[in-house]
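There are 4 protein chains.
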Amino acid sequence: MAIRILITGGTFDKEYDMLNGKLDFEETHVPEMLKLGRCTVDTEIRTLMMVDSLEMTDNDRELILHSCRSAAEDRILITHGTDTMALTAAYLAKEQLDKTIVITGAMIPYKFGSSDGFFNLGAALAFLQTLPHGVYVAMNGRYYNWDNVRKNKKTGYFEEINSTV
Amino acid sequence: MAIRILITGGTFDKEYDMLNGKLDFEETHVPEMLKLGRCTVDTEIRTLMMVDSLEMTDNDRELILHSCRSAAEDRILITHGTDTMALTAAYLAKEQLDKTIVITGAMIPYKFGSSDGFFNLGAALAFLQTLPHGVYVAMNGRYYNWDNVRKNKKTGYFEEINSTV
Amino acid sequence: MAIRILITGGTFDKEYDMLNGKLDFEETHVPEMLKLGRCTVDTEIRTLMMVDSLEMTDNDRELILHSCRSAAEDRILITHGTDTMALTAAYLAKEQLDKTIVITGAMIPYKFGSSDGFFNLGAALAFLQTLPHGVYVAMNGRYYNWDNVRKNKKTGYFEEINSTV
Amino acid sequence: MAIRILITGGTFDKEYDMLNGKLDFEETHVPEMLKLGRCTVDTEIRTLMMVDSLEMTDNDRELILHSCRSAAEDRILITHGTDTMALTAAYLAKEQLDKTIVITGAMIPYKFGSSDGFFNLGAALAFLQTLPHGVYVAMNGRYYNWDNVRKNKKTGYFEEINSTV
Numbered sequence: 725m726a727i728r729i730l731i732t733g734g735t736f737d738k739e740y741d742m743l744n745g746k747l748d749f750e751e752t753h754v755p756e757m758l759k760l761g762r763c764t765v766d767t768e769i770r771t772l773m774m775v776d777s778l779e780m781t782d783n784d785r786e787l788i789l790h791s792c793r794s795a796a797e798d799r800i801l802i803t804h805g806t807d808t809m810a811l812t813a814a815y816l817a818k819e820q821l822d823k824t825i826v827i828t829g830a831m832i833p834y835k836f837g838s839s840d841g842f843f844n845l846g847a848a849l850a851f852l853q854t855l856p857h858g859v860y861v862a863m864n865g866r867y868y869n870w871d872n873v874r875k876n877k878k879t880g881y882f883e884e885i886n887s888t889v
Numbered sequence: 725m726a727i728r729i730l731i732t733g734g735t736f737d738k739e740y741d742m743l744n745g746k747l748d749f750e751e752t753h754v755p756e757m758l759k760l761g762r763c764t765v766d767t768e769i770r771t772l773m774m775v776d777s778l779e780m781t782d783n784d785r786e787l788i789l790h791s792c793r794s795a796a797e798d799r800i801l802i803t804h805g806t807d808t809m810a811l812t813a814a815y816l817a818k819e820q821l822d823k824t825i826v827i828t829g830a831m832i833p834y835k836f837g838s839s840d841g842f843f844n845l846g847a848a849l850a851f852l853q854t855l856p857h858g859v860y861v862a863m864n865g866r867y868y869n870w871d872n873v874r875k876n877k878k879t880g881y882f883e884e885i886n887s888t889v
Numbered sequence: 725m726a727i728r729i730l731i732t733g734g735t736f737d738k739e740y741d742m743l744n745g746k747l748d749f750e751e752t753h754v755p756e757m758l759k760l761g762r763c764t765v766d767t768e769i770r771t772l773m774m775v776d777s778l779e780m781t782d783n784d785r786e787l788i789l790h791s792c793r794s795a796a797e798d799r800i801l802i803t804h805g806t807d808t809m810a811l812t813a814a815y816l817a818k819e820q821l822d823k824t825i826v827i828t829g830a831m832i833p834y835k836f837g838s839s840d841g842f843f844n845l846g847a848a849l850a851f852l853q854t855l856p857h858g859v860y861v862a863m864n865g866r867y868y869n870w871d872n873v874r875k876n877k878k879t880g881y882f883e884e885i886n887s888t889v
Numbered sequence: 725m726a727i728r729i730l731i732t733g734g735t736f737d738k739e740y741d742m743l744n745g746k747l748d749f750e751e752t753h754v755p756e757m758l759k760l761g762r763c764t765v766d767t768e769i770r771t772l773m774m775v776d777s778l779e780m781t782d783n784d785r786e787l788i789l790h791s792c793r794s795a796a797e798d799r800i801l802i803t804h805g806t807d808t809m810a811l812t813a814a815y816l817a818k819e820q821l822d823k824t825i826v827i828t829g830a831m832i833p834y835k836f837g838s839s840d841g842f843f844n845l846g847a848a849l850a851f852l853q854t855l856p857h858g859v860y861v862a863m864n865g866r867y868y869n870w871d872n873v874r875k876n877k878k879t880g881y882f883e884e885i886n887s888t889v
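First to last, the sequence lines map onto chains U, B, G and F. Its first residue numbered 725, the first sequence is counted upward by one per residue in my numbering. Its first residue numbered 725, the second sequence is counted upward by one per residue in my numbering. Its first residue numbered 725, the third sequence is counted upward by one per residue in my numbering. Its first residue numbered 725, the fourth sequence is counted upward by one per residue in my numbering.
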């Protein structure tokens, strides 16, 4: 069961640039994370962009959608900034592709030692292998349907818009 | 969807005892891992034992089985040493409980900085929420049915006994 | 031999604020670093300020100088942002206190996993215990006299202004 | 000021062997530690052996002494297991070389995430550049003369045999 991984940036992949003291992007850390996780799932990684999701445009989302549509695999993992994850999920869902698409990310950069990113990556890969076709956000150890998820900007946790609990 | 987590020890929870230079168990790290992963899944943790799985006895497995059977939750995560994971999975499967049971662990202790344990925990929790009733081993980003899994002791990776690939 | 430690902020103590995605200060990490280093040197820690050294004013430097002068200890460690370390060293040196003062810091925040800060702290404490009275900058495993040091902003390394090599 | 670094093993350089679950030696981590510490001190590294210091023989100590004597540099850092550091220090001191020799190590392996080793390495390099000729042990942020140091095996801290405090 092959999985396509599309990298778009986000906190997940941010690094500290010691020369200017700012947060920046270099290469994605997903390959080293898969190695550290001793992952034997068959994956194919493509870096589409390296952007803060607040700066992601509709052109960027169109590129992501195009990459999902044209991928040979029907299971697709997207790493993404948390701020507009739900927006991109909705953008992709409109297309009703016969694929399982899971969007994940991190609240703290993977390189910063105490990141949720490695945990999220494991969970997202697992959800991809077991959920039916559809578009989902995987954060906080859970998955959310694309039309029932938002990030609570005060707490930094994801939650359902209409909780059934 | 509540999940019961049963701790049994294994490499996952091993620590370095600086006074005798040996690997040892103290408390489980699962609660701090769930916090670091910013996990919002409803979990209930019980430490059953803290043993190297090569030293796990049938009495120990009976205790694990009893804890699975008597748990109020029908989704159960077991952290376990990797060497006899498949053995414990088979032991639990014989009972045919109407529950989803996922056994996970790590090849490198969580406290040792470059462990697969945090990734495995994320994946195991995700598989628990999506797989039908049954007994599974979750390692290397994948899940294995209890009757089709073994640890390759030369490589340290898990593999299917009868690969369908 | 007691050592006074004065905290002023700098990259050393910066943290990632997950809610706004920016680098920020909370508490200093020096106490936990001393514990991790299993340090048995008698130290007394005071947080004077938590600022980026590019924003440090002469008022701030006056406060640092006052704290050096009035400290009971004659060995003083100052944690400081790297950009104006040499400036503060010169400011303090003018006063010609009968004390050994060592300024140190980090190019990468201590909390970010691959920081030079822990190494620098060990070196700075050692230099403090062995150097004669004077004002020094300790970075990159070396010490520099206050009047012969600058940060090379292109490389991020400290160097002597007049190298005798 | 060039420094010769002699590697002998010890907890400092121990690693976790995931295939047999034991602690083991592979390569020394000193080069990557110097890089992480952004160290610009001129150093020359030689690995003499990779042993637990409880298993170090007089032959091993003779080799260390020979390496100290024949080194071109008069400043020598030795990484060493903590259990017999004081013994090796005394062995080297008998020779009364006109050199500054500092022995250091760690209570927790460098690779295990919360090690004192990186702090100790910074301190040891600093002591080497500032102490007069002689043989010293550098641990816990302090230095000890070769004839006035012992490891307290109950606490894991080093202490003076005759405290003058």
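Some clues are possibly wrong.
Each pair may be met inside one copy or between any two copies, as identical chains are not told apart.
[Unchecked claim] Below are the EDC-like pairs computed for lysine to aspartate or glutamate, each with C-alpha atoms no more than 16 Å apart in a straight line:
| id | residue 1 | residue 2 |
| --- | --- | --- |
| 1 | Lys-875 | Asp-748 |
| 2 | Lys-823 | Asp-798 |
| 3 | Lys-875 | Glu-756 |
| 4 | Lys-818 | Asp-776 |
| 5 | Lys-823 | Glu-797 |
Source of the hints: derived by calculation from the structure; they are not laboratory data.
Which numbered hints turn out to be false for this structure? 1, 3 and 4
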